[in-house]
Amino acid sequence: MNNLKYKNNRENESDNLDKRKILKKLKYKHNIEIFDRIESTNKYLKSNIEKKEFGTIVISNEQTGGYGKNGRKFISEKNKGIYMSIFVNPNCSIQESLKLTILTSVAIWSTIKSIYNVEVKLKWVNDIIFNRLKIGGILCETQVNLNSKIIDAMVVGIGLNVKENTFYGNLDNIATSIENYTDMIVSRNDLISEIINFFDKYFYEKQEYMEIYKKNSCVIGKTITVHQNNTNYEAKALDIDENGALIIKKENEIIKLQSSDITIRY
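Sequential numbering from 0 applies to the sequence shown in numbering that gives the first Met the number 0.
Incorrect hints may appear among the rest.
The calculated label-pair distances, taken between Cβ atoms and stated as ranges, are [claimed, not checked]:
| id | residue 1 | residue 2 | range |
| --- | --- | --- | --- |
| 1 | Lys248 | Lys28 | 42 to 52 Å |
| 2 | Lys28 | Asp171 | 35 to 45 Å |
| 3 | Thr222 | Asn169 | 21 to 31 Å |
| 4 | Lys112 | Asn15 | 17 to 27 Å |
| 5 | Thr222 | Glu49 | 39 to 49 Å |
| 6 | Asp17 | Asn251 | 48 to 58 Å |
| 7 | Asn69 | Ser113 | 25 to 35 Å |
| 8 | Lys120 | Asn144 | 26 to 36 Å |
| 9 | Asp171 | Lys50 | 39 to 49 Å |
| 10 | Gly64 | Thr222 | 29 to 39 Å |
| 11 | Glu210 | Lys20 | 29 to 39 Å |
Because the hints were derived from the structure by calculation, they are not lab data. Bear in mind the structure is a predicted one, so any value in this text is a computation, not a measurement. Note that beta-carbon positions come from the ideal geometry of N, C-alpha and C, so glycine has one too.
All chains, full assembly: derive it from the sequences and hints.
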């Protein structure tokens with residue numbers, strides 16, 4: 000990565016989102032829309048899905064109604080992070096849809112590793128973790144063809160805390176940002192370009208990503224608590240299968256999880 004900067008050398012540096020700068024570094028062509036403020040990039044794409052081409056990417060400097068899994072609020076402060084959504088056609092079954100979340104997780108992992116040379120961990124199925132705190136998450140929302148049962152449209156939402164920031168209240172022991180743990184400053188334009196390039200590498204070029212995900216999982220081998228259908232139970236996380244399901248052992252029973260929330264016992 001060229002033109003790296005460090006905190007002690009930065010004075011009132013602008014980090015405005017710039018479509019031209021992002022496009023310049025992309026390997027593949029994408030239609031990119033940038034907003035200064037929007038309710039949600041995912042919601043915008045979903046509400047305009049019939050008008051957009053596959054490969055369209057929507058990015059905003061701020062979200063007023065960012066959300067994650069199960070509608071949980073995702074704080075999307077102005078100038079502090081990357082809030083973007085990618086519109087794709089995965090052409091996969093519902094059972095395979097978890098793989099898109101895993102693919103996107105690996106694209107973010109690859110970006111952070113290549114730029115900052117730090118290794119974040121991946122928490123099944125959609126969280127990006129650093130020092131046991133969440134720096135980002137992924138939300139894939141799908142449109143299923145009712146005749147074929149194939150997912151023919153998906154909005155892949157990415158939220159990543161980048162800039163140095165203080166997290167208050169109950170977020171203090173849950174969330175953090177990349178720059179809270181490094182002196183290196185990288186423009187959001189460069190980070191976005193790199194995330195898109197790695198996403199394209201795994202999605203369009205179909206390069207292997209599942210083994211990277213499993214190798215950098217912070218879940219496999221751990222005792223976890225599964226939160227499912229208003230009940231909680233403990234289990235051992237054993238593996239992740241070829242479709243992205245988490246294989247767990249509950250007492251003497253082997254179970255495959257598709258979408259449950261989990262917490263890790265460290």
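Hint by hint, here is what the structure shows:
1. For Lys248 and Lys28, the Cβ-Cβ distance of about 46 Å falls inside the hinted range of 42 to 52 Å, so the restraint holds.
2. Taking the beta carbon of each, Lys28 and Asp171 are about 42 Å apart, inside 35 to 45 Å as hinted.
3. Between Thr222 and Asn169 the C-beta distance comes to about 24 Å, which sits within the given range of 21 to 31 Å.
4. A beta carbon spacing of about 26 Å between Lys112 and Asn15 agrees with the range 17 to 27 Å that was offered as a hint.
5. Between Thr222 and Glu49 the C-beta distance comes to about 46 Å, which sits within the given range of 39 to 49 Å.
6. Take Asp17 and Asn251: their Cβ atoms lie about 56 Å apart, and the range 48 to 58 Å holds.
7. Between Asn69 and Ser113 the C-beta distance comes to about 31 Å, which sits within the given range of 25 to 35 Å.
8. Between Lys120 and Asn144 the CB atoms are about 35 Å apart, so this pair conforms to the stated range of 26 to 36 Å.
9. Look at Asp171 against Lys50: about 41 Å separates their beta carbons, and that is inside 39 to 49 Å.
10. A C-beta distance of roughly 35 Å is found between Gly64 and Thr222, which places it inside the suggested range of 29 to 39 Å.
11. Checking the proposed 29 to 39 Å range against Glu210 and Lys20 shows it holds: the Cβ atoms sit about 33 Å from each other.
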